[in-house]
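Chain by chain, the residues run as shown.
There are 2 protein chains.
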Amino acid sequence: MKILKNHKCFDGEVQFYEHQSITTQSKMKFSTFIPNKDKAPDGCIIWLSGLTCNEENFITKAGAQQYLAKKNIMVICPDTSPRGFDLPMEHDSWDFGSGAGFYLTATTDGYKDHYDMYNYINNELYNIVLNSFKIPKTKISISGHSMGGHGALVIGLKNPDKYKKISAFSPIVNPVNSPWGQKAFSGYLGENKENWKQWDATELIKASLKHPNEILIDQGLSDDFLEKQLLTENFKNACNEHAQALKLRYQEGYDHSYYFISSFIEDHIV
Amino acid sequence: MKILKNHKCFDGEVQFYEHQSITTQSKMKFSTFIPNKDKAPDGCIIWLSGLTCNEENFITKAGAQQYLAKKNIMVICPDTSPRGFDLPMEHDSWDFGSGAGFYLTATTDGYKDHYDMYNYINNELYNIVLNSFKIPKTKISISGHSMGGHGALVIGLKNPDKYKKISAFSPIVNPVNSPWGQKAFSGYLGENKENWKQWDATELIKASLKHPNEILIDQGLSDDFLEKQLLTENFKNACNEHAQALKLRYQEGYDHSYYFISSFIEDHIV
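Residue numbers (the working numbering), protein chains in the order written: chain A, 1 to 270; chain B, 271 to 540.
Hints were generated in silico from the structure; no laboratory data involved.
Each residue gets a CB set at the ideal place from its N, CA and C atoms; glycine is no exception.
Check each hint, because a few of them may be wrong.
Quick list of simulated restraints, FRET-style, between CB atoms [to be verified]:
1. Lys307/B with Lys228/A: 41 to 49 Å
2. Asn131/A with Gln295/B: 23 to 31 Å
3. Arg353/B with Asn131/A: 46 to 54 Å
4. Arg83/A with Asp356/B: 48 to 56 Å
Only pairs whose alpha carbons sit at most 20 Å apart, straight line, appear in this in silico EDC-like list of lysine to aspartate or glutamate [said to hold, decoys possible]:
5. Lys2/A with Glu56/A
6. Lys275/B with Asp11/A
7. Lys61/A with Glu536/B
8. Lys331/B with Glu266/A
9. Lys61/A with Glu283/B
10. Lys331/B with Asp11/A
11. Lys309/B with Glu56/A
12. Lys134/A with Glu214/A
For reference, chain A alone in the conformation it holds in the complex:
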């Protein structure tokens, strides 16, 4: 692991790293904030960003460092896809391929060799958190925004013992029924829709997967993507039917941006 940059911030340290990933067979980047260089953090949030983002967006725009500093919690923010390849369609659109890894294990030709963001996050990055940053297993939470909210819900529900807490801003909760999800899942998983369900948070709840702790979701009511892409109510209904504890907060007037995230991020740092 190589440190590319570091910046003092709220008495802690923002750092940007690069490492060679065995999962994606590529260089991967992530950013971190470590509140106190003389003291191990008391916990870690793995933050998954949305479409078009990389390891910089959260750490520059969310304003989370002050709250992380107060609670001595670190955050780790990976990039949203492998980079540096030239697979078919990989760079043709902003909602598929580079910057749009969807936190799953791809099975289609070309993509299956590199686009395994699920195992990159849930195993490789998770182990970096355990071993390099010395965070106890019981103190790792997962959160994210939009496509990254989808990632946090899916990874957290599939691995309830590995994550203390799941939360999300504006997550894509039912991708099998949304245009973004359908495009991505066709490209990464092929046309058999049965194979898509294991990567859909609403379908996982329907299949009785469960997290022991309440899931927190903040969703803006002026989010342009709410009705067609995010489908928040589908997840709420599934949680109701299957007794998954969910705190869903619809926030009047807020949109899909980091201005929204910055306004409520404090409540996601636990």
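With chain A fixed as given, assemble chain B onto it according to the hints.
Chain B alone, transformed into the frame defined by chain A:
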């Protein structure tokens, strides 16, 4: 004035505007944060950004909205130069021309027709704050970062009655003696260095200009530009000799970035 975008944030509103400037004879953009749409703000900070920046940097990266919201103070963040022209050398480097207006009144051919960021800020934008945002004359402060810190100091010292408070992060305090300043001043003002002094904060203090209130400067001690470009001590010495009240805070370990600004911006919102 046309609103291009708005985003709810900490119960207030981030807005992006465009207007036709009579000063620069060009379209100009700025961003604002208004804490409460039902209540006029109790004050305004004019924020001047640094080299390469535009109207977005502060409002996305400084994390100021929460503090502005608490104190019911608005901020207005103009772009750092006119745009849309093609003057000689205007787009050749990041430290001159577009994105690098230096908050002065240019006198050189071509530039004198558009690059009057001094009057754009101090008259045109100032009047927008008074008339469109209804801020009382006694409640307008000026602040900025790097080149924008230079702008805040120079504009504030030249107009002590117009600005309640001057503050800056990592300002270029003595541009006549720094490579950035020398390059910009040659291009905007010509080679007669006597004409440069009226745009140099340290020279203004030496010429006995004064602000009635204490000036606040935060300066990181790990700032790569401190020694050669910013020359902070020159301003401190001039203030000492000429009895200008100055609170200069050297911050151990902090650099020139917005991570630094976000860590101390709360103290600049008064």
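Consistency of the hints with the structure:
In this structure the supplied range 41 to 49 Å is violated for Lys307/B paired with Lys228/A, their Cβ-Cβ distance being about 28 Å. Between Asn131/A and Gln295/B the Cβ separation comes to about 60 Å, which falls outside the hinted range of 23 to 31 Å. Between Arg353/B and Asn131/A the beta carbons are some 49 Å apart, a value that agrees with the proposed interval 46 to 54 Å. The supplied range of 48 to 56 Å is broken by Arg83/A and Asp356/B, whose beta-carbon atoms lie about 34 Å from each other.
Taking the CA atoms of Lys2/A and Glu56/A, the gap is about 16 Å. The hint holds against a cut of 20 Å. Under the criterion of a C-alpha separation no larger than 20 Å, the hint pairing Lys275/B with Asp11/A is inconsistent with the structure, at around 34 Å. Restraint check for Lys61/A and Glu536/B: the C-alpha separation of about 16 Å stays at or below 20 Å, so the hint holds. Distance check on the hinted pair: Lys331/B and Glu266/A sit about 16 Å apart at the alpha-carbon level, within 20 Å; holds.
Distance hint between Lys61/A and Glu283/B is fulfilled; the C-alpha atoms sit about 16 Å from each other, no more than 20 Å. At most 20 Å may separate the alpha-carbon atoms for a hinted pair to count; Lys331/B and Asp11/A meet this at roughly 17 Å. Of the pairs offered as hints, the one joining Lys309/B and Glu56/A is violated, with about 35 Å between alpha carbons and a cut-off of 20 Å exceeded. With a CA separation close to 26 Å, the supplied pair Lys134/A and Glu214/A exceeds the 20 Å bound.
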